[in-house]
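With chain R's structure known, arrange chains L, B and A on it following the hints.
So you can see what is in the structure, the chains are spelled out below.
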Amino acid sequence: MGLRIKNHPILGRDLRKDMVSIEVDGKVIPAYEGEPIAAALTASRIKVLRKTKKQGEPRGIFCARGICTDCVMTVNGTPNIRTCITPVEKNMKIETQEGLGKWREEPK
Amino acid sequence: MERRTQINEEKDIILCRCEEVTQKTIEKAIEKGDDTLDNVKRSTRAGMGLCQGRTCQRLVAKILKDKTGKPLEELTPPTSRPPFRPIKLDLLAQEGNKSVERK
Amino acid sequence: METELAIVGSGPAGLAAAIEAAKTGVKVTIIDENPRPGGQLFKQIHKFFGSEKHKAGIRGIDIGHELLEQCEKLNVQIFLSTEAWAIFDNGKALGLKHGNNTTEKLNTRKLLLASGAIENPLAFPGWTLPGVLGAGATQTLMNLHRVLPGQRVLMVGTGNVGLIVSYQLLQAGADVVAAIDILPQIGGWGVHASKIRRLGIPILTSHTIKEAFGNNEVKGAVIARVGQDNKVIPESERKLEIDTICIAVGLSPMAELAQSAGCQITHIAELGGWTPMHNERMETTINGIYVAGDVCGVEEASTAMEEGKISGIAAAESLGYLQRGKANGLMKESQESLNALRAGPFATQSKLGKEKLIERFHKC
Amino acid sequence: MLNMLRSSGVLSEQELMELPGVPPMELVEKGPVAVIECAEMIPCNPCEACCPTGAIKIGDDINNLPIIDAVKCTGCGLCIAACPGLAIFVVNGTHTKSEALISIPYEFLPLPNVGDQVEALDRQGKKVCMAKIVQIRNSKKFDKTAIVSFTIPKERCMEVRHIRLS
Numbered sequence: 005m006g007l008r009i010k011n012h013p014i015l016g017r018d019l020r021k022d023m024v025s026i027e028v029d030g031k032v033i034p035a036y037e038g039e040p041i042a043a044a045l046t047a048s049r050i051k052v053l054r055k056t057k058k059q060g061e062p063r064g065i066f067c068a069r070g071i072c073t074d075c076v077m078t079v080n081g082t083p084n085i086r087t088c089i090t091p092v093e094k095n096m097k098i099e100t101q102e103g104l105g106k107w108r109e110e111p112k
Numbered sequence: 244m245e246r247r248t249q250i251n252e253e254k255d256i257i258l259c260r261c262e263e264v265t266q267k268t269i270e271k272a273i274e275k276g277d278d279t280l281d282n283v284k285r286s287t288r289a290g291m292g293l294c295q296g297r298t299c300q301r302l303v304a305k306i307l308k309d310k311t312g313k314p315l316e317e318l319t320p321p322t323s324r325p326p327f328r329p330i331k332l333d334l335l336a337q338e339g340n341k342s343v344e345r346k
Numbered sequence: 008m009e010t011e012l013a014i015v016g017s018g019p020a021g022l023a024a025a026i027e028a029a030k031t032g033v034k035v036t037i038i039d040e041n042p043r044p045g046g047q048l049f050k051q052i053h054k055f056f057g058s059e060k061h062k063a064g065i066r067g068i069d070i071g072h073e074l075l076e077q078c079e080k081l082n083v084q085i086f087l088s089t090e091a092w093a094i095f096d097n098g099k100a101l102g103l104k105h106g107n108n109t110t111e112k113l114n115t116r117k118l119l120l121a122s123g124a125i126e127n128p129l130a131f132p133g134w135t136l137p138g139v140l141g142a143g144a145t146q147t148l149m150n151l152h153r154v155l156p157g158q159r160v161l162m163v164g165t166g167n168v169g170l171i172v173s174y175q176l177l178q179a180g181a182d183v184v185a186a187i188d189i190l191p192q193i194g195g196w197g198v199h200a201s202k203i204r205r206l207g208i209p210i211l212t213s214h215t216i217k218e219a220f221g222n223n224e225v226k227g228a229v230i231a232r233v234g235q236d237n238k239v240i241p242e243s244e245r246k247l248e249i250d251t252i253c254i255a256v257g258l259s260p261m262a263e264l265a266q267s268a269g270c271q272i273t274h275i276a277e278l279g280g281w282t283p284m285h286n287e288r289m290e291t292t293i294n295g296i297y298v299a300g301d302v303c304g305v306e307e308a309s310t311a312m313e314e315g316k317i318s319g320i321a322a323a324e325s326l327g328y329l330q331r332g333k334a335n336g337l338m339k340e341s342q343e344s345l346n347a348l349r350a351g352p353f354a355t356q357s358k359l360g361k362e363k364l365i366e367r368f369h370k371c
Numbered sequence: 759m760l761n762m763l764r765s766s767g768v769l770s771e772q773e774l775m776e777l778p779g780v781p782p783m784e785l786v787e788k789g790p791v792a793v794i795e796c797a798e799m800i801p802c803n804p805c806e807a808c809c810p811t812g813a814i815k816i817g818d819d820i821n822n823l824p825i826i827d828a829v830k831c832t833g834c835g836l837c838i839a840a841c842p843g844l845a846i847f848v849v850n851g852t853h854t855k856s857e858a859l860i861s862i863p864y865e866f867l868p869l870p871n872v873g874d875q876v877e878a879l880d881r882q883g884k885k886v887c888m889a890k891i892v893q894i895r896n897s898k899k900f901d902k903t904a905i906v907s908f909t910i911p912k913e914r915c916m917e918v919r920h921i922r923l924s
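Chains as they are written, first to last, in this note's numbering: chain R, 5 to 112; chain L, 244 to 346; chain B, 8 to 371; chain A, 759 to 924.
Hints may be right or wrong, so weigh each one.
[As the list claims (entries may be wrong)] Beta-carbon label-pair distances, calculated as ranges:
id, chain 1, residue 1, chain 2, residue 2, range
1, R, K97, A, V872, 47 to 55 angstroms
2, B, R245, A, S924, 42 to 50 angstroms
3, L, L334, R, K97, 20 to 28 angstroms
4, B, G234, A, I825, 35 to 43 angstroms
5, B, N286, A, K885, 50 to 58 angstroms
6, B, T355, A, V872, 32 to 40 angstroms
7, L, K271, B, F95, 19 to 27 angstroms
8, R, G38, A, I894, 29 to 37 angstroms
9, B, D236, A, Q772, 25 to 33 angstroms
10, A, N761, B, R245, 43 to 51 angstroms
11, B, G207, A, I894, 49 to 57 angstroms
12, B, L87, R, V32, 27 to 35 angstroms
These are computed hints drawn from the structure, not numbers from a lab. All C-beta atoms, glycine included, are put in the ideal place defined by N, C-alpha and C.
Okay, chain R solo, but in the shape it has when bound (with noise of 0.2 angstroms):
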């Protein structure tokens, strides 16, 4: 069974058509553009979204909301990017964050 809800007794038909790619840790995911990063991250089973900088512990999402700072992952070169409020955009790079992260200026 997946994770995305397809069909809802009350929300009815999951509407949206067109997904496109995003890059996580290397690995391409379908994702729905607009959608936090978070939920196709879950959609695709992807639960471990940083490892923390003392213990090196895996943290996930935990308040879905953008206040707990437990999903964040570095995004397109820059850490700490809540991904539970941070919609997808196509061909987005998301990497596990280690510790603090690090930044990557972008090939300009």
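Coordinates of chains L, B and A only, in the frame set by chain R:
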């Protein structure tokens, strides 16, 4: 209500998820004399991470209450300062420049 | 940017306030950090309780649409994906960060903080593992974003949120293996409990979660029975194979904006924790700063809407858009609705809490 | 008071029969009649507002428990979908000689089809017998709470409150 915010008694566990501060660390700080939320925050860093204590503050308050016997009514939450949400410094710098220009 | 009434939060309280104020001619600007307005309304896909007047029988999601439509008609300005990262000059200005990463200062004559509440944490060994998340977080994922956090769920907490989210998890196609509560009685309403029981979900009262286990993510949990002292009864442990643990142990008001603005706050357990003091007009200890909804005491959407109305009317009056007599009449109507909503046995706590809060306002 | 409901989420038989929304057994048997399993004083009254015959009474205090007038009630079932607590069922004890017709709120997918044999569940979600689907009402007015009616052996009419598609 309060009985539900139980805290584990056997194993040491992380309470501040951002700064990875454990329950024992917080308890020790209180035993050493930290008797306000602000003091515990300063000495242990619990609540100083990216989320600014929005998750752990209530857990720390509960321990402080239990260990010192102070009712929550007598505790004040740590001083709340902006930014209330993570914001990039260059954005703040831009905002600062804008207000300089206005003047 | 200038406005007359700035509102932080577009949940039921913020929207109801905006409508009341805008009706009288006040220029209203709402700020919300979420990409969609409505606060928690849009993940409430169940029919709401209440009277006809409180849109009872209508699903939260549809109440959200209705309120938004009215705001649109009244030209209420709404900034979404916009965070109020700072509050200046006794609430006369907000620092805003928009979703496109630009910043702006919003000057306002009056300010309403309707920022809602945040889910309470529950710490147990393994609670930091991916797969442990808030029940509200789960609701956001499945009802707004149409993704399940997992397939086999343990619900920790049997307040209304825990019970309702359990039901909604089943509607979305997941399994809930049990809903547990450390208390000997179910926290939420019997009807919500009955709803999940007849679907076959066990409700285990006097039970606690001992730990969540798994290497990188939740693979299971150990639950155990507790005695009257809340201590685990030896050998009552049970292992559950699950991939998701939802924490539903109540909410706390998100009072930091009010606190940082200098509003007096106080701890009231019945209202969920630290909350700004306010008077009968929903005005805080700082002139011109109002509060409404869960931020000043965790209650229901119906009470939030009535409080929102009162604050909107009060702000409109103090801005000179409403005559005092007219305003008082309107406020009285909402106050009577609030009294009715807080009359039942389930509202005893919040009623008491609200009385304490207003009393402390007048003492301070 | 309501100890069973509060500790288990299931009304005991005694708790159930004491509710003002639950008609006495002899009237249930004469049905169709609404059985309102609403036991707690919650500020709520859509059932009263939607009833076309005035058979459900709550009164001025919206916290009151609903009272059913089994004589006025026609068993139309409008209240089934109106109740936010999904706590109203219509029981028709006179459907056939040996069978009762039960109507329940149903908010799951897929919906059963008329004629389907499904499992009939009690208040604890346990299968007690089989049920045969007789009618599905899903009009716009019900706002996605479908009303599913099915037949079961008459003696189970105060036990069965849900179905599971086999």
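Hint-by-hint comparison with the structure:
1. Between R:K97 and A:V872 the C-beta distance comes to about 53 angstroms, which sits within the given range of 47 to 55 angstroms.
2. Restraint check, B:R245 to A:S924: a C-beta distance of roughly 29 angstroms breaks the suggested window 42 to 50 angstroms.
3. Between L:L334 and R:K97 the Cβ separation comes to about 22 angstroms, which falls inside the hinted range of 20 to 28 angstroms.
4. In this structure the supplied range 35 to 43 angstroms holds for B:G234 paired with A:I825, their Cβ-Cβ distance being about 40 angstroms.
5. Between B:N286 and A:K885 the beta carbon distance is about 56 angstroms. The supplied range of 50 to 58 angstroms therefore holds.
6. The hint said 32 to 40 angstroms for the Cβ distance between B:T355 and A:V872, and at roughly 46 angstroms that hint is violated.
7. For L:K271 and B:F95, the Cβ-Cβ distance of about 38 angstroms falls outside the hinted range of 19 to 27 angstroms, so the restraint is violated.
8. The beta-carbon spacing between R:G38 and A:I894, approximately 36 angstroms, falls within the hinted interval of 29 to 37 angstroms.
9. Taken as a hint, the range 25 to 33 angstroms holds for the pair B:D236 and A:Q772, whose Cβ atoms sit roughly 31 angstroms apart.
10. With their beta carbons about 24 angstroms apart, A:N761 and B:R245 fall outside the hinted range of 43 to 51 angstroms.
11. Look at B:G207 against A:I894: about 22 angstroms separates their beta carbons, and that is not inside 49 to 57 angstroms.
12. For the hinted restraint 27 to 35 angstroms between B:L87 and R:V32, the CB-CB distance of approximately 30 angstroms keeps it satisfied.
Hint violations for this structure: numbers 2, 6, 7, 10, 11, all remaining hints satisfied.
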